[in-house]
Amino acid sequence: MKTGRKKGDIWLVTAVLAVALCLFLLLWLLPGDGAAVEVTVDGAVYATLPLDTPTTLDIPGKNGCVGTLVIADGRATVTHATCPDRLCVRMGPVSRAGQSIVCLPGRIVVTVVGGTPAVDGEV
Amino acid sequence: MKRKTALYGLLVALAFIFSYIEVLVPIPVGIPGIKLGLANGVTLTALYLLRPADALAVSVLRILLAGLTFGSPMTMLYSLCGGLLSFAVMWLCRRSDRFSVVGVSIAGGVSHNIGQLALAAVVLATPAVAWYAPVLLVTGTVTGALIGLVCRLLLPRLEKLR
Ligand SMILES: [Zn+2]
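Read top to bottom, the protein sequences are chains A and B. When we follow this note's numbering, the leftmost residue of the first sequence carries the number 1, and every step to the right adds one. When we follow this note's numbering, the leftmost residue of the second sequence carries the number 124, and every step to the right adds one.
Next comes chain B alone, as it looks inside the complex (with noise of 0.2 Å):
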């Protein structure tokens, strides 16, 4: 049960710094509010280590951190937005077991910026956002790539902690 804390504790922690240099590095679309999915690492690491609700906690409670720290209530709602909807996805294709972790973190990359651009569709009342889409699907594969790269090295550390 320690462990248990230290790991949950841990992954917050980890979000929270990954949520801060999104922050940092702004992605190349004109609009604002939405970020790098670099976060999402932490959510596809809970989904491997922990159990499908405690994983959805520990991605909640970093958004509210985060948002809360960094953000506003709007760049919150982008992070709800694309956080959740990249959960799910996440959640089903780790089920679904035909995808490694990469194919797994890809998936969540892509949906969180298409959960980010759907919102800012609905704001903004205005369908020309589509414009930004082969934008956010590139970079949301990138990032899904490189976020589910690492964390293939780390899950057999972070396992043993388990």
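The following block holds chain A by itself, in its conformation from the complex (with noise of 0.2 Å):
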């Protein structure tokens, strides 16, 4: 291999990892726990709400999957879910702002706002 295309790859690598560390401290680190969930289906917003108040709401997504949300302990779970991959359930809690839990077959998104401000920011 020419030493060229090897320095080549070490600066790709090094870069892309670069990037990873920065986006990672960023997006998971910095942010603190958040104060409410946005919820919105289909890229509208249906439902917000506060952390720390414990409940349970039924989201009627799309394509008829229906994903139910617990907030309890300052964490939101979809416990449960009725569309066909169920990601959305092995997803598990989310508290820092700017986590999420995304249900593709049924266009729920999930999204933890509030806190100590988020990255995300508003788009």
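Worth flagging that the hints you see were computed from the coordinates, not collected in a lab. It cannot be assumed that every hint is accurate.
[Stated by the list, open to error] Among the chain A residues that face chain B by a calculated CB cut under 10 Å, a handful are: (1) Lys7; (2) Asp9; (3) Ile10; (4) Val13; (5) Leu17; (6) Val19; (7) Cys22; (8) Leu30; (9) Thr40; (10) Gly43; (11) Leu57; (12) Val66; (13) Val70; (14) Ala72; (15) Arg107.
[To be verified] Label pairs and their computed distance ranges (CB to CB): (16) A:Val19 - B:Ala136: 31 to 39 Å; (17) B:Arg280 - A:Thr68: 49 to 57 Å; (18) B:Ala211 - A:Lys62: 26 to 34 Å; (19) B:Leu147 - A:Leu17: 21 to 29 Å; (20) B:Leu188 - A:Gly32: 43 to 51 Å; (21) B:Ala241 - A:Asn63: 45 to 53 Å; (22) A:Asp33 - B:Asp220: 43 to 51 Å.
In this text the structure is predicted, and so the values were computed from the model without any measurement. Even glycine gets a Cβ: it sits at the ideal position worked out from N, Cα and C.
Now that you have both chains on their own, put them together as the hints suggest.
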């Protein structure tokens, strides 16, 4: 292997991992605990619920998918879902600003907002 | 010509097998439809053995075939988004001649995942999926490196077929 190319490879890997590390710090470690979750269905806001109030909400998503969102102990979890893959249930609880639970078949997105400034902000 | 046809067939068949493995091994990310870019290895091999247009044909063909067999229109769209972006990036990296096969493969793996993530952001109409970017960048690098190492071993042998 030509050394010039090897150098290029090393630069590339370093750059990618540096970006990954920055994003990790920015998106995972910096955000503190969120204040609320915003539930959207197909891009439109369906509900906004505070994380400090335990509740249960059934979210009617697209394609007949219904997700059950439970808020307890300052964390939000999709505990049941009628979607075919149930990946949203497997994603477990979220609590930090910017974290989200996604249900693709139901087009449901549960995003933690507020608290220390959320990185994603309003776009 | 006969040999070239055999090579095409071999590549598409290989890609098909990789696509199947991708379905079996889910990526540790909560976004449904996002897959490891194993089949990228075939696009990579094709880029080194065939003309760019033919390599593109091989990768599009495998995405369509695999999508029709194992996936839904949605997963096919994810594959297409990731596959086309990684093809473009790998082609440019190969042409620049600044990277080895392994480097080109890593660039492909990373861009494959970025393409899928970008589509997820559009489909779900939320930038919140950016949260998964670090995971996808690292898994893209690792799968890219592994695929690149395998390709480096395979390429000299396949070149004899050409
Ligand atoms: Zn779901």
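Structure-based check of all given hints:
Among the interface hints, the one on A:Lys7 holds; its C-beta lies about 8 Å from the nearest C-beta in chain B, closer than the 10 Å criterion. Checking A:Asp9 against chain B: minimum C-beta separation of about 3 Å stays under 10 Å; hint holds. Residue-level restraint check for A:Ile10 holds (minimum Cβ-Cβ distance to chain B is 8 Å; threshold 10 Å). This hint holds: A:Val13 has a C-beta 6 Å from the nearest C-beta of chain B, less than the 10 Å allowed.
With a cut of 10 Å, the hint placing A:Leu17 at the interface with chain B holds, because the nearest CB-to-CB distance is about 7 Å. Here the hint on A:Val19 is kept, as its CB sits about 6 Å from the closest CB of chain B, short of 10 Å. The beta carbon of A:Cys22 comes within 9 Å of a beta carbon in chain B, closer than 10 Å, and the hint placing it at the interface holds. Violation of the interface hint for A:Leu30 is found here, the shortest Cβ-Cβ separation to chain B being roughly 12 Å, above the 10 Å cut-off.
The interface hint given for A:Thr40 holds, since its Cβ lies 7 Å from the closest Cβ of chain B, which is under the 10 Å cut-off. At about 3 Å, the closest approach between the beta carbon of A:Gly43 and any beta carbon in chain B falls short of 10 Å, and the interface hint on this residue holds. Checking A:Leu57 against chain B: minimum C-beta separation of about 18 Å lies over 10 Å; hint violated. Against a cut-off of 10 Å between C-beta atoms, the interface hint on A:Val66 is violated, since the closest Cβ of chain B lies about 17 Å away.
Evaluation of the A:Val70 hint against chain B yields a violated restraint, the C-beta minimum of about 17 Å exceeding 10 Å. Using the Cβ-Cβ criterion of 10 Å, the hint placing A:Ala72 at the interface with chain B is not satisfied: the shortest such distance is roughly 20 Å. At about 7 Å, the closest approach between the beta carbon of A:Arg107 and any beta carbon in chain B falls short of 10 Å, and the interface hint on this residue holds. In this structure the supplied range 31 to 39 Å holds for A:Val19 paired with B:Ala136, their Cβ-Cβ distance being about 35 Å.
Checked against the given bound of 49 to 57 Å, the beta carbons of B:Arg280 and A:Thr68, roughly 54 Å apart, stay inside it. The given range of 26 to 34 Å is respected by B:Ala211 and A:Lys62, whose C-beta atoms sit roughly 32 Å from each other. Taking the beta carbon of each, B:Leu147 and A:Leu17 are about 27 Å apart, inside 21 to 29 Å as hinted. With their beta carbons about 47 Å apart, B:Leu188 and A:Gly32 fall inside the hinted range of 43 to 51 Å.
The given range of 45 to 53 Å is broken by B:Ala241 and A:Asn63, whose C-beta atoms sit roughly 23 Å from each other. Separated by about 49 Å at the C-beta atoms, A:Asp33 and B:Asp220 satisfy the suggested range of 43 to 51 Å.
Hints 8, 11, 12, 13, 14, 21 from the list above are not met by this structure, while the remaining hints are.
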